[in-house]
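Visitor: Chain by chain, the residues:
Protein chains: 6
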Amino acid sequence: MRLQLSTWPEVEAYLERSTGIVVPIGSTEQHGPNGLIGTDALCPEAIAWALGERHDILIGPTLSLGMAQHHLAFPGTLSLRPSTLIALLRDTLDSLARHGFTRVLFLNGHGGNIATLKAAFAEVHATRSLAAAPATGAPQPALFNWFLGRRVRELAAELYGDAEGYHATASEVALSWYVAGVEKSATMTPRIAPLGSAECDAETFRRRFPDGRMGSDPSLARREHGARFLEAGVADAWEAWQGLIDEE
Amino acid sequence: MRLQLSTWPEVEAYLERSTGIVVPIGSTEQHGPNGLIGTDALCPEAIAWALGERHDILIGPTLSLGMAQHHLAFPGTLSLRPSTLIALLRDTLDSLARHGFTRVLFLNGHGGNIATLKAAFAEVHATRSLAAAPATGAPQPALFNWFLGRRVRELAAELYGDAEGYHATASEVALSWYVAGVEKSATMTPRIAPLGSAECDAETFRRRFPDGRMGSDPSLARREHGARFLEAGVADAWEAWQGLIDEE
Amino acid sequence: MRLQLSTWPEVEAYLERSTGIVVPIGSTEQHGPNGLIGTDALCPEAIAWALGERHDILIGPTLSLGMAQHHLAFPGTLSLRPSTLIALLRDTLDSLARHGFTRVLFLNGHGGNIATLKAAFAEVHATRSLAAAPATGAPQPALFNWFLGRRVRELAAELYGDAEGYHATASEVALSWYVAGVEKSATMTPRIAPLGSAECDAETFRRRFPDGRMGSDPSLARREHGARFLEAGVADAWEAWQGLIDEE
Amino acid sequence: MRLQLSTWPEVEAYLERSTGIVVPIGSTEQHGPNGLIGTDALCPEAIAWALGERHDILIGPTLSLGMAQHHLAFPGTLSLRPSTLIALLRDTLDSLARHGFTRVLFLNGHGGNIATLKAAFAEVHATRSLAAAPATGAPQPALFNWFLGRRVRELAAELYGDAEGYHATASEVALSWYVAGVEKSATMTPRIAPLGSAECDAETFRRRFPDGRMGSDPSLARREHGARFLEAGVADAWEAWQGLIDEE
Amino acid sequence: MRLQLSTWPEVEAYLERSTGIVVPIGSTEQHGPNGLIGTDALCPEAIAWALGERHDILIGPTLSLGMAQHHLAFPGTLSLRPSTLIALLRDTLDSLARHGFTRVLFLNGHGGNIATLKAAFAEVHATRSLAAAPATGAPQPALFNWFLGRRVRELAAELYGDAEGYHATASEVALSWYVAGVEKSATMTPRIAPLGSAECDAETFRRRFPDGRMGSDPSLARREHGARFLEAGVADAWEAWQGLIDEE
Amino acid sequence: MRLQLSTWPEVEAYLERSTGIVVPIGSTEQHGPNGLIGTDALCPEAIAWALGERHDILIGPTLSLGMAQHHLAFPGTLSLRPSTLIALLRDTLDSLARHGFTRVLFLNGHGGNIATLKAAFAEVHATRSLAAAPATGAPQPALFNWFLGRRVRELAAELYGDAEGYHATASEVALSWYVAGVEKSATMTPRIAPLGSAECDAETFRRRFPDGRMGSDPSLARREHGARFLEAGVADAWEAWQGLIDEE
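Protein chains in written order, with our numbering: chain A, -3 to 244; chain B, -3 to 244; chain C, -3 to 244; chain D, -3 to 244; chain E, -3 to 244; chain F, -3 to 244.
The hints are simulated quantities; they were obtained by calculation from the structure and are not laboratory data.
Treat the hints with caution; some may be incorrect.
Any copy will do: because identical chains look the same in the list, a pair fits if it lies in one copy or spans two.
[As the list claims (entries may be wrong)] Calculated cross-link-like contacts (lysine to any residue; reagent style SDA-like; alpha-carbon spacing at most 20 Å): (1) Lys180 <-> Arg219; (2) Lys180 <-> Ala223; (3) Lys180 <-> Arg146; (4) Lys180 <-> Leu139; (5) Lys180 <-> Leu216; (6) Lys180 <-> Leu155; (7) Lys180 <-> Glu49; (8) Lys180 <-> Glu220; (9) Lys180 <-> Arg(-2); (10) Lys180 <-> Asp207; (11) Lys180 <-> Pro5.
Here chain A stands alone, though its shape is the one from the complex (with noise of 0.2 Å):
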């Protein structure tokens, strides 16, 4: 069930029956020669809409701007301050503590958001707790990053090895491919992508990384992976709100 599909007196009927919500979060920014400047945004939205389907969880739009900066020496890349980032999960997370949500699973598909997301949380929950609020009602966020899930990870050892990397991965290009119905091609020189730190400016990423892939190969990338990988997805995410529900 997508809440940008719903009318509010469907939304309130769901919040009879639960009170979880699942939000894609992703990023707009540079994967490499042959991804899409989308896929951090793509890749959670398909798995989170089929997840929503099959099991009837509630999914928030998808946010698609995220904390990219490192990537901003490619054209195309849009990043937030992680201040603004932190504001405006915090106005998303008051808004749905106003209709009574207690469960946010953040569902992301970018590493450069995990700290960020992190402090989100915690400036959430400081309000409450240096007002010495009461715990009860408020919204517990949590994240899954679906490209760290069990089953993924598996899945891109078994397709591509070594060759999977760190951004611009192949399982991601792959998948987001899949998603979108494109599919594009370059070469890779080199074949797999050098390592390194991301934690830096976008200058220095540029260096670091001349064609915006880290450790990768994604030229393997092939649109059929995509269709395991979103099965892959919806799987560990299953696990994850499963675990999420259960908490306490």
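Guided by the hints, dock chains B, C, D, E and F onto chain A, whose structure is given.
Guide: Same frame as chain A, but now just chains B, C, D, E and F:
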């Protein structure tokens, strides 16, 4: 050409032939008994995508969250505070400036965003103006509200007359249904919703507009009308785009 | 009754008979070759003071700084960033709420303030809306732009026709001269200033409007016109105030 | 020369002969049983206007809102948060820097503003200091508190002795009455108000100072005293201004 | 009793017998040719620790960073912006309020912190004052500047006379050397540093005070003096603490 | 070499031979029945001081306040909001950049700081990345968590096995006792504390972890272990520092 479905080398090539971009912006908010919560994002997104395809214009990711505080008494509404939306738009414009975009048209689907969008543009301009920075090269943001376009207004008047209304309008319900491939039915009581001001808090809004509609009878909406609104909207947006490009 | 000239026991007594207040808001910005930099504050201040005297309405201090970033390429202009003006208005409304004021009419003299004023109202509303706070007792801010009042517009059309213009208009120049007891002379070249959009940065604005006027010929202004604009403005504002008080 | 009553070409001409400006800043807050709520703005404004006329100094618009949180338990008081006032002063200084002003003297009428004014100056300096920006050309803000001037203090001691007090003082009540052309009467019980610290919240302040006065007996104030305080204040301010101009 | 060396059950027990706490606050900034960069933190920390031991007062962690923007042209200086320091102090006070502390004395070692500390207290008070929150139970922050204590000032006058100065003073150099067990030697040229205002940016400050000292000759400092300043400082602080506890 | 105990000419000399600095960062938060509230600051501080002495590295002041909102239901805990900590770290990095430092290693003692530290680094990078500023000369912040070092982890496993735990661990209790020269005794019930997630608000945390420990039995801690952890920590940190210096 959609940014989300492009690679960075494709964006680099686009920037050789144009430094303009269109960014759809909407809201996630109640739209009455039969309107979709995503209406305000779905409509400008569909118009933008068609515009981009027909005229080779780059279309950015849809910004799905807007300023919708007055709708928060209806389940499912998510709202950014104006200050958060200003920060988000500032970061988006800063990112686009980084790549050399000089024309940014926000294709807006939500009346409640207008004041904040203009304040955000002024916030970005103020940084330059206070620093006495030269205007050359800075992105000039502009705003086009699809629901105020001439052709769209004429079509709505022709199809619905006074029952078009001001929120959860028949026209936007028709266009979003068409785009999303859904249709919802609900009885409208009263047939035409009350009129009044939306510049108030959420409780007051719900007291004034009990089912969320403002002055409209969206039971008149038909999916096939949506196809016509799409055409009208694309023509209106194309006119706005050309005006923007011609300016100076 | 002017707040600045009252004691707190007098305000306490006023609150027994009314919980409404009018706050003039303007800007400190260039107004062309013969217009005063304080025009936008002087005009609504004079109207508010007369309104307050005739109808026993409390008039708050004039907020002289507004959002005027586009005028910063002309010496003497002072501008608040929109985010600053939002904070200022929030604190003002919070202060008024503390004392039990429930109706706050901002009598505005500057078109460039409108978007930020509306964003500020929404920022204040959002705090309540996100917290699901009851609407009772909260101040309802409202906006009235004296230069858009019916009687004022009719008088300007009668006196100046198309030469009234959009910034450094003949009507505001006349009213401010009358109120301040001054008069300035300057040659207008061209007689009627160019038209265009003011939604840009300061350098662009000055390039578009070399002497600061937009579409006007303020050499037509006469101090004696000012007296008539004052009367028209007070009548328009009184109508707006009554509408506000009647609302709900 | 008052900025509000000047045209931009006049300011441009002024900048040829001087790059200094005086900005009156006050507060909108209770001043005891017979003191005006606008006292803290009216006093420095009157001194600044006279100073400007006699010595050809440009006088900016009066900033009427200050940091008055401790007075909020008395009806009519409006207060900015310190963080808001810092932003307002930063934008004002940034605007003045834009035009080439290098000396900005804030002529202050409210003790409660002092800490925040100094913090604001430091906030503006910090931007330059952290960026290792050259000091040349940046505006040097300075502060002069008219109520602490030597001549003013001597006159207050002569006229009122210990009954001058610390808030709602006899001297400021006299000056503001003179300037505003009003006079209020009220019985003072006790004759001299209690002493104590004002660095507390509003409820505590009102408990300590039940009618709003601190250590004063403003029933001693006379309008004719006001004329003498104005002269003393202008002489003190002129001395402060000359010191500022001579510095370095 | 030092908070850093206590367990939470020990703090819980302390709160049974007292709800007061002392928090040392300093700065990390140049202190001339022979003064330590940590001087402003080391001095109040040592006084606070001794105070806490002798009188069973809980001593919080030393806040080592202060508002030192004017010293940034000297290597090693670290400065918080005033707005950052305000946020830090607000969070500290909010945390202490959470546990039931009602008296918080900041034992300050840096003149440049005073304005920002007072602004921060007002920021915290304003939240309560604007909300009309009852004063009961809220922490009352207070400030004591050890270098302005009566006994300390007398001792400095006795030992150094006019060579004590205003920054990198002989007294603070002596106390910090004693506390840190170090001693530095440097030639002072001129023997007594120039006088002037420190309310300026970093470049201006260094131009005015080339080696960082203001009006002092810290070559007179001796470690054995430090022991006497410590005693004087503890006695002064104890007096301040008792005044705070007695208040109301 | 400790910054706090150095003079500015000594820092100037240091910068001739190195542009790196280590800044210890901790937290002020409960550490179970026998752990010190200052544990997270004391441990990295001691390691940093030893590291600095042995290898001539400049050590900045210890940042004692961290992100500890989840511990606020235990008396004595102080927490910064993530947004405040981000501002504090930004100002610290801006200050260091001013002096020419290019390598800043935060030696961290608190797991709860990690996300906010990374968000803060990204906030600083984003300023450069959005401005397309050249990377040359900007400080590269890096993070080393002493409790995750290889040697430290091995020693903890050897000494405590599974009883080491995740908060109020035996290893950090031992090291802080050793460093502070104290020892506390308390009965642990149950002997090994429960496991679970700390990403929640304060009330929830205390419900999950009633005495503040997470998975640990710190009654196993011994001061003499602390000496060994110090050695292990210094060796781990030295390795991290060398990796940082070698990078690029």
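Visitor: All the hints need checking, so say for each whether the structure fits it.
Guide: Cross-check of the supplied hints:
no.: 1; hint: Lys180 <-> Arg219; in the structure: within (10 Å within a copy, 34 Å between copies)
no.: 2; hint: Lys180 <-> Ala223; in the structure: within (17 Å within a copy, 31 Å between copies)
no.: 3; hint: Lys180 <-> Arg146; in the structure: neither (27 Å within a copy, 39 Å between copies)
no.: 4; hint: Lys180 <-> Leu139; in the structure: neither (31 Å within a copy, 33 Å between copies)
no.: 5; hint: Lys180 <-> Leu216; in the structure: within (12 Å within a copy, 43 Å between copies)
no.: 6; hint: Lys180 <-> Leu155; in the structure: within (19 Å within a copy, 43 Å between copies)
no.: 7; hint: Lys180 <-> Glu49; in the structure: between (29 Å within a copy, 18 Å between copies)
no.: 8; hint: Lys180 <-> Glu220; in the structure: within (14 Å within a copy, 35 Å between copies)
no.: 9; hint: Lys180 <-> Arg(-2); in the structure: between (29 Å within a copy, 14 Å between copies)
no.: 10; hint: Lys180 <-> Asp207; in the structure: within (15 Å within a copy, 47 Å between copies)
no.: 11; hint: Lys180 <-> Pro5; in the structure: between (42 Å within a copy, 11 Å between copies)
In this structure, the hints that do not hold are numbers 3, 4, in rising order.
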